[in-house]
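Enquirer: Listed below are the residues making up each chain.
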Amino acid sequence: MELAIDSSPRAEVSAAAHRLRSTLARLKAELELAEADGVAPPVQALIVGLREALASLTALEDAAFGLAPIQVLDDDERLAELTARSLRRLGYDAQSGRSLRSLRPREIVIFDLGLTAGLGAEEMALLKSARPIVVTGATDSAARAMAAALDAAEYLVKPVELDDLAAAVARRIGEGR
Amino acid sequence: MTRSTVWPQDWFTVSSGNPEPVRLPLGIGSVTAKLLVVDDEPRTAELTAEVLRRAGYAVDVARSGGEALDRVRAATPDLMLLDYEMPDMDAPEVLDSLRSGAERIGFPVIILTGARHAPGDQVLGIERGATDYIVKGTDRQVLLARIRGALRERRPPTGAVVRGRLKVDATHGEARLGDRPLKLERRPLLMLQLLAGRSGEAVPRSELLDQVWGSSYTGFEHRLEQAIHQIRRELREPGWIETVRGIGYRFVAQS
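Chains as they are written, first to last, in this note's numbering: chain A, 219 to 395; chain B, 3 to 257.
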């Protein structure tokens, strides 16, 4: 796939690269200072810094390769994980669960409409802000209304093939936030 | 959340602390799962092995694709963690050699990769028999959770499974109850072999869907029910396949 770097992904690549470099520079400074003073480096701070660096590298790869982090939510946690695993095979950083977590930057949410009943107002607002890809077993007007209420970007009816899900994810990434 | 900038650790089924390693049923007792770590970079291999040993697994290390194949031929591991990029063979080549004619590899393989790709590249996307992919640098808890997940879904046994009067050999498309051949389509046959191979265990519906129908998203439940119906009809005797409410199905060998 050609790396189509238009202005928006380019800005994201640049921002993530900046964060990565800043973090690595800070870690280097910590280690150099510890070496100069002849003391043990602050291990905990270094671990936290390295996690930040890896997160920045992931964001950089996502922007450069047209990927995005994904969370897959289904009331059957195992099915959610199998779907996440399929998306990981395609290169996505996909995680699964039964309830909504805080959103990572640019994160895409694949949401089983069956989970709507358990949502609190705060979660509902968060989900809406993500413009989720909704997956549903029902095609009635109530389901469509619920998807519209969630400001869903895509509406997929089960059974959903991986190709269709991947295409929906690619379209969602193309749209941006 | 204050941890939003780091890799989140509180997703999936990860509980705090080190989870118990998966123990595999073996007759009446159980054994510690045996993992094979394959990485050409010695320090990486050792560090990965150490994390897994501390989590309670028995771990063996191979330093190349060729060595990995030798190890597997000598003793089949319960799970393999395979580095994607190695000088002698890359992961797809190792997977192809492991498969060598068989439809599926007999144990889960998790690929560890340092390189991520655009979705269209299909470098990782090609279905070569790997169970999961993990990017290097992923937190320990996530790595352990994925290993546990993969071990729980280990592949159905290859070759024939014999349980009392029932013999199932999905590889050759055959099943018999005593002298009577059972007329089963491929998927019901695979499902019967999987259930019989784990006799006495309640196998979740989602696992059957994954192993028999592949990695498609949910929505194939009715086909699973049709397959169970076909199996029961062909067996003609009640009791072989029990429905475990809210979970899935259990094979119970009949005398």
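Worth double-checking, as some hints may not be accurate.
Said to hold, decoys possible - With beta-carbon atoms standing in for the labels, derived distance ranges:
{"no.": "1", "chain 1": "A", "residue 1": "242", "chain 2": "B", "residue 2": "90", "range": "30 to 36 angstroms"}
{"no.": "2", "chain 1": "B", "residue 1": "166", "chain 2": "A", "residue 2": "338", "range": "37 to 43 angstroms"}
{"no.": "3", "chain 1": "B", "residue 1": "52", "chain 2": "A", "residue 2": "325", "range": "30 to 36 angstroms"}
{"no.": "4", "chain 1": "B", "residue 1": "223", "chain 2": "A", "residue 2": "385", "range": "21 to 27 angstroms"}
{"no.": "5", "chain 1": "A", "residue 1": "252", "chain 2": "B", "residue 2": "202", "range": "54 to 60 angstroms"}
To be verified - Computed cross-link-like contacts, EDC-like style, restricted to lysine to aspartate or glutamate with a CA-CA straight-line distance of at most 20 angstroms:
{"no.": "6", "chain 1": "A", "residue 1": "376", "chain 2": "B", "residue 2": "171"}
{"no.": "7", "chain 1": "A", "residue 1": "376", "chain 2": "B", "residue 2": "212"}
{"no.": "8", "chain 1": "A", "residue 1": "376", "chain 2": "B", "residue 2": "42"}
{"no.": "9", "chain 1": "B", "residue 1": "185", "chain 2": "B", "residue 2": "141"}
Rather than coming from a laboratory, the hints here were simulated on the basis of the structure. For each residue, glycine too, the CB sits at the ideal point set by N, CA and C.
Enquirer: Need the list of violated hint numbers for this structure, in ascending order.
Expert: 2, 6, 8, 9
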